[in-house]
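Undergrad: Below, each chain spelled out in residue letters.
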Amino acid sequence: AQRVTQPEKLLSVFKGAPVELKCNYSYSGSPELFWYVQYSRQRLQLLLRHISRESIKGFTADLNKGETSFHLKKPFAQEEDSAMYYCALSSTGTYKYIFGTGTRLKVLA
Amino acid sequence: KAGVTQTPRYLIKTRGQQVTLSCSPISGHRSVSWYQQTPGQGLQFLFEYFSETQRNKGNFPGRFSGRQFSNSRSEMNVSTLELGDSALYLCASSLGDGGNEQFFGPGTRLTVL
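Chains S and U are the protein sequences, given in the same order. Residue 95 in my numbering is what sits at position 95 of the first sequence, and the numbering runs on without skipping anything. Residue 82 in my numbering is what sits at position 82 of the second sequence, and the numbering runs on without skipping anything.
Heads up, some of the hints might be wrong.
Short, incomplete list of chain U residues facing chain S, as computed with Cβ under 8 Å [unchecked claim]:
| id | residue |
| --- | --- |
| 1 | Gly-42 |
| 2 | Leu-43 |
| 3 | Phe-45 |
| 4 | Leu-90 |
| 5 | Gly-99 |
| 6 | Gln-102 |
List of simulated lysine-lysine pairs, BS3-like, C-alpha gap at most 30 Å [claimed, not checked]:
| id | chain 1 | residue 1 | chain 2 | residue 2 |
| --- | --- | --- | --- | --- |
| 7 | U | Lys-57 | S | Lys-65 |
| 8 | S | Lys-22 | S | Lys-65 |
| 9 | S | Lys-96 | S | Lys-73 |
| 10 | U | Lys-57 | S | Lys-22 |
| 11 | S | Lys-96 | U | Lys-57 |
Keep in mind the hints are simulated off the structure, nothing from the lab. The beta-carbon is built from N, C-alpha and C at its ideal position, and this holds for glycine as well.
Using the sequences and the hints given, assemble the complete structure.
TA: Right, here's the structure in full:
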C-alpha cells in the first residue's frame, strides 16, 4: 500500500542546532517526493521537491530509494522555521497525492 | 495570477445538517483536491476531481461528496453532519498531470455543534 510516514509529531530544537525531519514512504513505483510547510496563519505551501534538488530557506532533502526515505534537513535552525511540515508523495501513474501526518517543528530561542 | 479561493471561510452548523463548501482553482488548473485537516489526524485526502470527473477518492464515508464544474470550480458537500466533522477543509489545485505542485486555498473552518 502507498504510504507516507512521519514518525515525529513534534520536534523541538534550539536555535542554531541542526534539524532533521524524518519521512519514510512505501510505494512500488517511482514516486515524486515533496515537502510542504504551513507557517502560522498561512496557507500550506510547497517547500521543495526532490526532482529540483535545490535548497530552499536552507533546507535540503535527499531521496534515498534504498531506504525509501526523504528526510528534510537544515544545518542551523532559525526561529522562523517553526511551522508544520508535511512530507508528500505523488504518483504520476495514478495521479494520487499522499500526505504524511505532519511534524510540528518548534525552534526554541 | 490569483490564488486558490475558498468560500465560506467559516461555518457553524449543527448535527444532522448538511453543508456545501466551494473552491475556485488557479486559472488553468484542471485538478482540484479536497483534504480534511485536524490536529489529531493531520491532512487526510477526501477526493480529487479532474476535468469534471472524480479521479481519486480517499477513505471517507459516502456522506462526503463533491463535484467539479466545467470551469474547474469545485464544491464539496457533507450531509448529516456529525461532531467529528469539525475540521479545516482545504482544497488544492494543480495542473493535474501527476507529480505537480499543489496550490492550497486558505481553507474553510467548519464547526459542528
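Undergrad: Does each hint hold? Answer for all of them.
TA: A quick look at each hint next to the structure:
Proximity of Gly-42/U to chain S holds as hinted, the smallest CB-CB distance being about 4 Å (cut-off 8 Å). At about 4 Å, the closest approach between the beta carbon of Leu-43/U and any beta carbon in chain S falls short of 8 Å, and the interface hint on this residue holds. Given hint, Phe-45/U at the interface with chain S, holds; its Cβ is 7 Å from that chain's nearest Cβ, closer than 8 Å. The beta carbon of Leu-90/U is positioned within 8 Å of a beta carbon in chain S (closest approach about 7 Å), and the interface hint is therefore held.
With a least beta-carbon distance of about 4 Å to chain S, the hint placing Gly-99/U at the interface is held under the 8 Å criterion. With its C-beta approaching chain S no nearer than about 6 Å, Gln-102/U sits inside the 8 Å limit, and its interface hint holds. Our distance criterion of 30 Å between C-alpha atoms is met by Lys-57/U and Lys-65/S, whose separation comes to about 27 Å. For the hint linking Lys-22/S to Lys-65/S, the alpha-carbon distance of about 14 Å falls within 30 Å, and the restraint holds.
The suggested pairing of Lys-96/S with Lys-73/S holds, with an alpha-carbon distance near 25 Å, which does not exceed 30 Å. Under the criterion of a C-alpha separation no larger than 30 Å, the hint pairing Lys-57/U with Lys-22/S is consistent with the structure, at around 27 Å. Our distance criterion of 30 Å between C-alpha atoms is met by Lys-96/S and Lys-57/U, whose separation comes to about 9 Å.
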